[in-house]
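Chains A, B, C, D, E, F, G and H supply the protein sequences, listed in that same order. The opening position of the first sequence corresponds to residue 1 in our numbering, with each subsequent residue numbered one higher. The opening position of the second sequence corresponds to residue 1001 in our numbering, with each subsequent residue numbered one higher. The opening position of the third sequence corresponds to residue 2001 in our numbering, with each subsequent residue numbered one higher. The opening position of the fourth sequence corresponds to residue 3001 in our numbering, with each subsequent residue numbered one higher. The opening position of the fifth sequence corresponds to residue 4001 in our numbering, with each subsequent residue numbered one higher. The opening position of the sixth sequence corresponds to residue 5001 in our numbering, with each subsequent residue numbered one higher. The opening position of the seventh sequence corresponds to residue 6001 in our numbering, with each subsequent residue numbered one higher. The opening position of the eighth sequence corresponds to residue 7001 in our numbering, with each subsequent residue numbered one higher.
It is worth saying that the hints were derived from the structure and are not from the lab. Check before you lean on any hint, since a few could be wrong.
Below, computed lysine to aspartate or glutamate pairings styled on DMTMM-like, alpha-carbon distance capped at 20 Å [what the hints assert, rightly or not]:
id: 1; chain 1: G; residue 1: K6015; chain 2: A; residue 2: E371
id: 2; chain 1: B; residue 1: K1254; chain 2: B; residue 2: D1232
id: 3; chain 1: B; residue 1: K1297; chain 2: C; residue 2: E2003
id: 4; chain 1: C; residue 1: K2089; chain 2: C; residue 2: E2079
id: 5; chain 1: A; residue 1: K271; chain 2: A; residue 2: E180
id: 6; chain 1: H; residue 1: K7017; chain 2: B; residue 2: E1185
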Amino acid sequence: MAVKLMQGNEACAEGAIAAGCRFFAGYPITPATGIAEALARRLPQVGGKFIQMEDEIASIAAVIGASVGGAKAMTATSGPGFSLMQENIGYAAMAEIPCVIVDVQRGGPSTGLPTAPSQGDVMQSRWGTHGDHPIIVLSPSSVAETFHLTVQAFNFSEKYRTPVILLMDEVIAHMREKVELPSAEMIEVTERISTDVPAEWYFPYDEAASDVPPMVSFGEGYRYHITGLMHDRAGFPTLRLDEINPWLTRVFRKIERGLGEIIMVEEEWTKGARTVVVAYGCTVRSARHAVRMAQGKRYKVGLVKLLTLWPFAEEVIEQVARTARRIIVPELNRGQLALEVERVAGRNKVRRVNRADGEMLTPQQILAAIEEK
Amino acid sequence: MAVKLMQGNEACAEGAIAAGCRFFAGYPITPATGIAEALARRLPQVGGKFIQMEDEIASIAAVIGASVGGAKAMTATSGPGFSLMQENIGYAAMAEIPCVIVDVQRGGPSTGLPTAPSQGDVMQSRWGTHGDHPIIVLSPSSVAETFHLTVQAFNFSEKYRTPVILLMDEVIAHMREKVELPSAEMIEVTERISTDVPAEWYFPYDEAASDVPPMVSFGEGYRYHITGLMHDRAGFPTLRLDEINPWLTRVFRKIERGLGEIIMVEEEWTKGARTVVVAYGCTVRSARHAVRMAQGKRYKVGLVKLLTLWPFAEEVIEQVARTARRIIVPELNRGQLALEVERVAGRNKVRRVNRADGEMLTPQQILAAIEEK
Amino acid sequence: MQERYEIRLAGEGGQGLILAGLILAEAAAIYDGKNAAQTQSYGPEARGGASKSEVIISEGEIDYPKVIKADVLLTLGQEACDKYFHELKKDGILIVDSVNVERVPTTRAYKVPITKLAEEATGRRITANIVGLGLLVGLTGVVSRKAVEAAVKARAPKGTEELNLKALAAGFEKAEELKKEG
Amino acid sequence: MQERYEIRLAGEGGQGLILAGLILAEAAAIYDGKNAAQTQSYGPEARGGASKSEVIISEGEIDYPKVIKADVLLTLGQEACDKYFHELKKDGILIVDSVNVERVPTTRAYKVPITKLAEEATGRRITANIVGLGLLVGLTGVVSRKAVEAAVKARAPKGTEELNLKALAAGFEKAEELKKEG
Amino acid sequence: MAETETKEESTAVEKEAKPKKKLPRGEVHVFDNWCKGCGLCIAFCPQGVLEANGEGHPVVAHPELCTACNWCYIHCPDLAIVVRKLNGAS
Amino acid sequence: MAETETKEESTAVEKEAKPKKKLPRGEVHVFDNWCKGCGLCIAFCPQGVLEANGEGHPVVAHPELCTACNWCYIHCPDLAIVVRKLNGAS
Amino acid sequence: MKREEQKVYDYLRHKKKFPNMWCAGCGIGIVMHAIIRAVDRLGLDKDEVAMISGIGCTGRMPVYVDFNTMHTTHGRALAFATGLKMVRPEMKVIVVMGDGDALAIGGNHFIHAARRNIGLTAIVVNNSVYGMTGGQYSPTTPIGGLTTTAPYGNIEQPFPICDLARAAGAAFVARSTVYHAIELDRLIGQAIEKKGFSVVEAVSYCHTTYGRLNKLGTPVDMMRYLKENSVKVRDPAERRSKEQEGKIVRGVFVDRDIPEYTELYDQVIERAQAA
Amino acid sequence: MKREEQKVYDYLRHKKKFPNMWCAGCGIGIVMHAIIRAVDRLGLDKDEVAMISGIGCTGRMPVYVDFNTMHTTHGRALAFATGLKMVRPEMKVIVVMGDGDALAIGGNHFIHAARRNIGLTAIVVNNSVYGMTGGQYSPTTPIGGLTTTAPYGNIEQPFPICDLARAAGAAFVARSTVYHAIELDRLIGQAIEKKGFSVVEAVSYCHTTYGRLNKLGTPVDMMRYLKENSVKVRDPAERRSKEQEGKIVRGVFVDRDIPEYTELYDQVIERAQAA
Ligand SMILES: Cc1ncc(C[n+]2csc(CCOP(=O)(O)OP(=O)(O)O)c2C)c(N)n1
Ligand SMILES: Cc1ncc(C[n+]2csc(CCOP(=O)(O)OP(=O)(O)O)c2C)c(N)n1
Ligand code: SF4
Ligand code: SF4
Ligand code: SF4
Ligand code: SF4
Ligand code: SF4
Ligand code: SF4
Ligand SMILES: [Mg+2]
Ligand SMILES: [Mg+2]
C-alpha cells in the first residue's frame, strides 16, 4: 500500500493499469489529456500499448478492436471528443465488446469552457448514441475513488461485456489528493468469461448458458463474426423477429440482473433525515460540506452519494423519497440527473441547485437550498 | 395547391424548398437518402446548392458555414450519422446559428436495422451533444405533416437562431400518401432577423434589444467573430462569470419565451377521457387506429399527438394527467419520451407500450394496453 | 367499397412491386380522389428491391398505414405466398402467379400465369407486376380502370408507357375472363 | 492548527505556482500525514500556466476542495492581488511580492521583495515561487519545515533540487526575520 | 482479342497449360443454387463451353471444349463454378 | 551569415533599399504593452539596434544604426514594433 | 485431400451464408475469391487471419469467409483493425472497404494508417459509387458521371487512390481489376506478405446503380470495359506514358522497406522497460 | 493616409484583443502578420475576407484580425468554410489551422477540400506538435521526437503535407517558414489569388512544448534553426536533390489550372434550370 499525492487523471491511469488495462488509444483533449500522458509512459512499462490516434472516433474504434483481440482497453476524452465517440460506443454496446470510456467533463456546450468543471454530460452518457442500448456510467468524487472506480469500470465491463463510462469532471481530474494505492493482491480484478468448448459449438451471442455469453478473442481458434447490425446468436446479421427480440431482451437483462452490484450508492445520515441531498462527482464535495454545515445548524439532513449514475439508482431514491420531505439535487449543469430523481421521487419533492458557468457549486449555495423553507 | 402522392422524404425536401432552404449538405444513409437525392435535383433548379460531403461531420459543418453566409441550410441523416453530427449540433446551439437537421430514425443501436423503423433517437435528439444546450425537436406523423413541419422547423430555426431537429422515422420517410402542397403565397415563411445599425454598434450576441439578437451574414459589412467557446456579446471568448451567466440564461430563455408557439400538440377526444394515449411520429398512426377501435368498444379514450417533442409539452401532459386515470405512451423504443411523461404525470399513471425490433406497433398492441385493467 | 381496404403485393426484390403499389396508390389518391397510403419493406440497406409493398385505400382518413389483415394478396413468388397467406382475411382474395408459385395454400385462389401473360402481352417478363396490377384491379374494382390507367401513364418509366398499358390491359382481360368463369 | 486551513497562491501563468501548491500539498499529505487537496485554475485550454493554485490542509477529511475564505494569500502579481484580496479572511495573512505588487490593499500585509530574494539566493528569478513557499510556511507553520524540504526534494525538477532548497531556505530566513520584526 | 487476354490471365496461374501441343481438358460444374445467372462465365469462356438456359444460368453445352482454363471458376462472383482438370490432360 | 540572409529577406520587400551607396535610415518604435520580451527582434536585428532591458524587452539602444530593413516589424509575433522610414533616406 | 480447385470452399461459410447478397454479376465476389486464393497460396492458418470491413456492399464480405471477421462502422474499419493489430501483431489483418468506406468517411483513417505504416492489408473495392445506399457519387466517381445525388453530372475530381496512399506513407501500393483476377490475387498476396501498410485497389463496377444510371450495360459489358481499358505497368516510373491516358493503370506503384509500426512499438516497450 | 508601415493595424482588432494570447516568441503571430500583408497587398476589402479556424493555438488567430472570423470545432474548419464558400463564392475564405487541426482530426476534410478544388486558402501552421493541449505528438512530429505522449520518442512517420495536398488534388501548394516571413506573405498572396484550393504550409515551432521537451532552446534558437535548415527551390522538379536532404524545402510545389468547385457548380445550376 503506497501513499501518494496524485491527480485524478493519474489515479485513473493507475487504476486502469491495476485493473489489467493493457491498451489505450486516445486523442488529447483538456482536461482528460493527463490520463493519456500518464498511460503513454506507464503502459509500455508493463508491456501494454499506447497509441495516439488521429481523432476520437478512431480512438474508440481502436479500443474496440484491441478488446476483440483480447486486451482490456480504454480511452479517455472530454465533451467534444465524447460526442464524436458516440457512434462507436453504440457499436460496442451492440456487439457486446468490453471497454472503458473516460469522459472528463468540462464546460459545454461545444468548445465551451475547456478548462472549467462541469457535469453537463450526464444525460449524454446515457443517451448520446442513437437507438436504445444498455450502458453503465460511474462517477468518482475524489482522487482515491477515481482509482477504485476505474478498476470497477473494467470489472463491470468485462463481466457484463459492455462499454462502461467513467464520468469524471475537471475538478476531480486535476485535483491533487492523497491516495492509498492498494497493492496488486488487494485489488479484485474481474476477467472476461471465456470458454473452451469446441469451436464449432461456440456461439458468441448465445443466451443458453448465461445472459453474458463467453467472449473469445480473435486469433484463438474460434473464427466468428462480429457486426453492428442486429445479429443472431452466431453473430451474423438477422432481420428475424425471433432473433432480434431475444437479443434485445437479453442485453438489457444482463445489466438488470447485475443491478445489485452495479448500482453503488453511499448514504450518509439519511436515516430520519427530513432533507436529503443527492449528489455525485465533484459536487459531492460541496454537498457534504454543506450538509455538515447544516447539521451544525441542527438541520436533519442526509446525503446520498451516487457512484453509479446509470443505471439510475431508482430503488434508493424511492426509499429516500418515502421518508424525506425534500430532496435536493445539486449539479454543475441545468438539471440533468434531477430529471430522473423527479421521475422517481415525484416532482414536487425535488429542488434543483444548478450552475453551469464553469465554477463549482459552493457549499453555501447548497446550504441555502437546505435552509430554504 | 397541388395534390400529389409523395413519400415523406420527398415532402421534406419540398417543404425545405418552400421554407426557403437554399443549401443542403449531406452524406447518404438509409432511410434518409431520399431527402438528399430529391434536393440534389431540386435545389439547383431554384438556384440553391447541394453538396455531398465526405461524412456527416463535414455535412453539418458545411450547413453551419452556409447559414453563417446567409443561406437557410439543412442536412438529413439517420442514427449513425446523427451520432456523428452531435458535436457540431452543439456548436450551432452555442454560436446560435440557425439550421435544420433531419434525423430519419432507423433501428438501432449501431448499424442496427438500417431499413426498419424506430423511434430510438428521441432522447438523443435532446441530449446527444455534450453540455446543456437549447434545442427544438419536431416529429411528423404523416407525409403532409412532414411538409408542414419542415417549413416550421426552418421558421423556428431562423426565428430563434437555433438548430432545429426534424425527427422522422422510416415509416413516414418511405410511406407514400396524398399531400396537398400549398402554393407559395399560402406558406408562412419566417426570415432571420437582421439589422441595419452601423457596424460598430452591432453585437451579434447582445441581449439588449431581444432574446434573439439579430444575425447578420458574413460578407455584409459587419465583421464579427463566431466561436464555440463561451463568448461575450461581441462573440469573443470569455471566462467572465458576468458574461457567461447572462448568455446561458438568455439562450434558454429565448426558447422558453417561445414555448407557446413552439410546443405544438393536437388533442383528440381528450375531454373527459379516462385513458389518454400520448404518441408522436408514425406511432400516432397506430395509436389513433387503436383509439378508434377502443371507442368502438365504448372506452373513454383520447389521444394526444405531440408534434413537438422537445421542449417537452409539460403543461399539456400535466393538464391531461389531472383528469385521465391512465396515460399510455406507445413508442418504437424501450421507453424514452415515456420518462418525461412519467416525470410530469407521475409514474404510476403511465403505462408504456414498446417495441424496438424494427416493426411498427400494431393498433392491437395499443388497444390491449387500453383495455388492460 | 368498404371503409378501409388492405392490399399486399409480395414477391422478390426486382419484380417491381413497389412500382405497382405506388401506381395503385396514386390511382386511388390522385385519380379517384380517395385516400391511400403505400408502404414497403426493404432488404439490407436500401439497395435491394422490396420484398413487399402494401397499399391501404379508404374513403376516410387512414390511420395505421400497414396491412392488418389483407383484403387482397398478390404474390409473385412461393416464399412470399407461404409467408403472407396467413395474414389474409378469411374471405380475402389471393392472386398468385402460377409460373412461380407451385404450392397454393387454398383452393379459393386465383392462379394465373402472370409472368407468362406478361411475356405474351409485351414480350417482357418484367411487366408481370403491371399485369398483376391489372388483374387485381379488374378482380376487385378497388380503383377505377380509368384511374389506374392514368396512374400507369404517369408513373411508368419514360418510353415504357404503352408497353405497360398493354400489360395492364392483359391483366384486366384476364380478370374479366376469370369473373365470368367464377 | 485549526481543522481546515485554506491557502491560495496567485499570480501569472509561468510563475510556478502550481508546483508550489503541489509541494505544499505533498508536504502536508505525505510528509506530515495530514490531509490535503490542491486545485488550480487554468488559462485557455491546458497550455498556459495557472493563474491560481489552492491548497486546503486539514487533520480531518476535506470535503469542499477549494478556498472559501483564504487563511493565507500569497500573490506574485498585482492583478491577482486585486482580484483575490477580498476573498481573504478578516484575520487572514497576505503575503505579496513587493517587486511586482505596487498597490497593496491593506497595511497588514507582508510585503517582501520575493523575486529579488530569489535572484539573490539562487541567481534565478524563476525560484520566486519556492522562496514564497518558504516564506509562507515559515510565517504560518502550516506544515513542518522538514516536510516541505522533503517535498521540495521530491518534486523539484531533476537537477534543481539544491537550487530550490536554497530558495526555500531564503524564504524561511526572511520569515524568521519578519516574525522577529512583527 | 478476348481469348488472348484471357489466356494471358489463365496461363499466369496454370503454368502447365503453356505447352501448346495438346490443350488440357476440363470438366466444369455449376452449382445452380448459388448461381445468379449474371452471364459472366458464359460471355467470357474462351472456348464457348457454356450457354444460357431460360433463366440465364449457364448450362454446360459443349463440355468437350473446356480446357480447364479456370476463367469461369476465378471470375464467378458467386463462387458457383468449379472446374476439374481431367487426368488425361495433365 | 545572419546579415546576408536577412538582407535577402528585407530587400525582397524594400526594393528601394538596393542602391548600396547610402543605407536608408529608420526609426523603430516598440509598443511595450504588447511586447512579451521574446527577444527575436533583438537577436535578429542585422544592425544591432536593439538591446534587452531587465525584463527582456527591447530598448532602442542604437537608433542611428537602424536601416529600416523591417526585419523586426515583420517578425515580431506580437506586432509590437513599427519602423518608420526616415525621409532623409528615401 | 481436397482437390486443388475446390479448396476455396474451405474458406467459405458455405453452409449458411450462401448464396451471397450481392447483385448478380457484382465484382465484389471476385475480389473475395482472389483474397481467398492469396491466403491459401501463402499457406496462412485461418485462425491467424482477420478480415475487418466497414459498411457497404463490400463491407458485407466478412460474413462469407471463415476467418476472424468483423463488420464495423462505416469508414472506421482501419481504426478498429489498428487496435486489433496492436494487440495481435502476429495476425494477418485484411481490411476490405468500398471506395466510399475507405475514402469518403474513412479517408482520414486511410491516410493515417498509411502514415503509421502499421501492418494491415487494405483492399479497396473501387466501384466508383456508393453501392449499398443506391448509387450516390463517391470520391472516385468520374467527372461527369450521373449518380442519384449528381443528377446533372458529377463535378468533383476523383481521388487517385494509389497516389494518395503513396503520399501518405504506405509501404506497398498496387492496383488491378476484377477482370484481372489472377493478377489481383498475386498483388493481394504480395500485400499480405509485406511488412507495413499495404494497399490494393481492386477496380470493380456497380452495374446496378452507376452502370444503370450511366447506361453502361450489364456486368458483362462492364467487365469488358475493364479488360479493354486498362494497361499494366511493370515499372512505376513509367506511370505517365501516353498509352496510359484515360486507362486504368495496373501494377505495383510502391514497394518500399520502412519500419512497421508494431515492430517499432516493441522497441518502445524495450526502452520503457530498460529505463 | 496612414503610413505604409502601420497599415497592419487597420487589420487588427487592436482595441480589445491585444496583447495576443500566444506565448512570447511563438511564430503564429508572424504568420498572422504575413496573412495581413498579403491581404493588404492584394487590396482586398476586409468585408469580403473571411478567416475560419479550428481549435488550437493557431485556431485562436481569427480573434485578432478584423475580418469575418469564425473559430469552429477542432479539425472541421475546412468543412465549415466549404459551406460558407458555396453560398458566398465571391468571398476570399482563408482557413488557418494547426498541423493537428488540419491533418490529425481534420485530415479527411483537408484531402476532400483539395479533391473538390474548392476555392479556399488553407494555411497550415506546422509547429510539429499539439501546442494548445500541451505538447502531444502530431502527424508532423519528427521520428524520435519527445512529446508528452511519446515519452520514449515518436515512432510515427510525419506527413509530407505538400505531397499529400498534391496527391489529393489541390491547385496550389507551397511551403515557407516563419523566418522567411516575406516569402511567406508572397506565397499566401499567390494562394489567395489562385482559383481553386490552395495550401500554404507555414513551418513554425512551439518552443513552449516541443522545444522545451527536446531541448531546442528559445524562440531565437528555433528561429535560427529554420533559417539555417531550409532551402528554396524555384522549380518543383528539382525537389529531390541531395542538398535538400533533411532540410525544409521552401517554394511552390503545385500550381495548376483546374476548374474551381463553385464555378463548376454554377454550371450545374445552369444545366438544372435549362432542363
Ligand atoms: C455513419 C454512416 N453514414 C452513412 C452510412 C450509410 N452507408 C452505408 S454504406 C455507404 C456507402 C457505401 O459505398 P462504398 O463504401 O463505396 O461501398 P459499396 O457499397 O460501393 O461497396 C453509406 C453511405 C452508414 N452506414 N453509416
Ligand atoms: C474534438 C476535439 N478533440 C480534441 C480537442 C483538444 N484540442 C484542442 S487543440 C488540439 C490540438 C492542437 O494542435 P494543432 O492543431 O497542431 O494546433 P497548435 O495548438 O499546435 O497551433 C487538441 C487536440 C478538441 N478541442 N476537440
Ligand atoms: S458467373 Fe457464376 S453466377 Fe454468373 S452465370 Fe456463371 S455461374 Fe452463374
Ligand atoms: S474452365 Fe471455364 S472458362 Fe475455361 S474453358 Fe472451361 S468452361 Fe470455359
Ligand atoms: S519581437 Fe516583439 S515581442 Fe519579441 S521582444 Fe521584440 S518587440 Fe517584444
Ligand atoms: S528595422 Fe531592421 S535595422 Fe531597424 S531595428 Fe528593425 S531589424 Fe533592426
Ligand atoms: S449494388 Fe452494386 S456494389 Fe452493391 S452488390 Fe449490387 S452491383 Fe455490387
Ligand atoms: S504553446 Fe506553442 S504553439 Fe501555442 S502559443 Fe505557445 S509557443 Fe505557440
Ligand atoms: Mg463503392
Ligand atoms: Mg501544432
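Proposed proximity, E1185(B) with K7017(H) (alpha carbon, max 20 Å) = Given that 20 Å is the threshold and the Cα spacing comes to 47 Å, the pair is violated.
Is the Cα-Cα distance between K1254(B) and D1232(B) 20 Å or less?
-> holds, 17 Å
Hey, K271(A) versus E180(A), does the alpha-carbon distance stay inside 20 Å?
-> Roughly 30 Å separates the two Cα atoms, so the pair is violated.
Sort out whether E2079(C) lies within 20 Å of K2089(C), counting only the CA atoms.
-> Holds, at roughly 19 Å.
Is K1297(B) within 20 Å of E2003(C), Cα to Cα?
-> Given pair K1297(B), E2003(C) holds - Cα atoms ~18 Å apart, limit 20 Å.
Taking 20 Å as the top limit, are the C-alpha atoms of K6015(G) and E371(A) close enough?
-> Cα-Cα ~71 Å, so violated.
Going down the numbered hints, you'll see the structure goes against 1, 5, 6, while the others check out.
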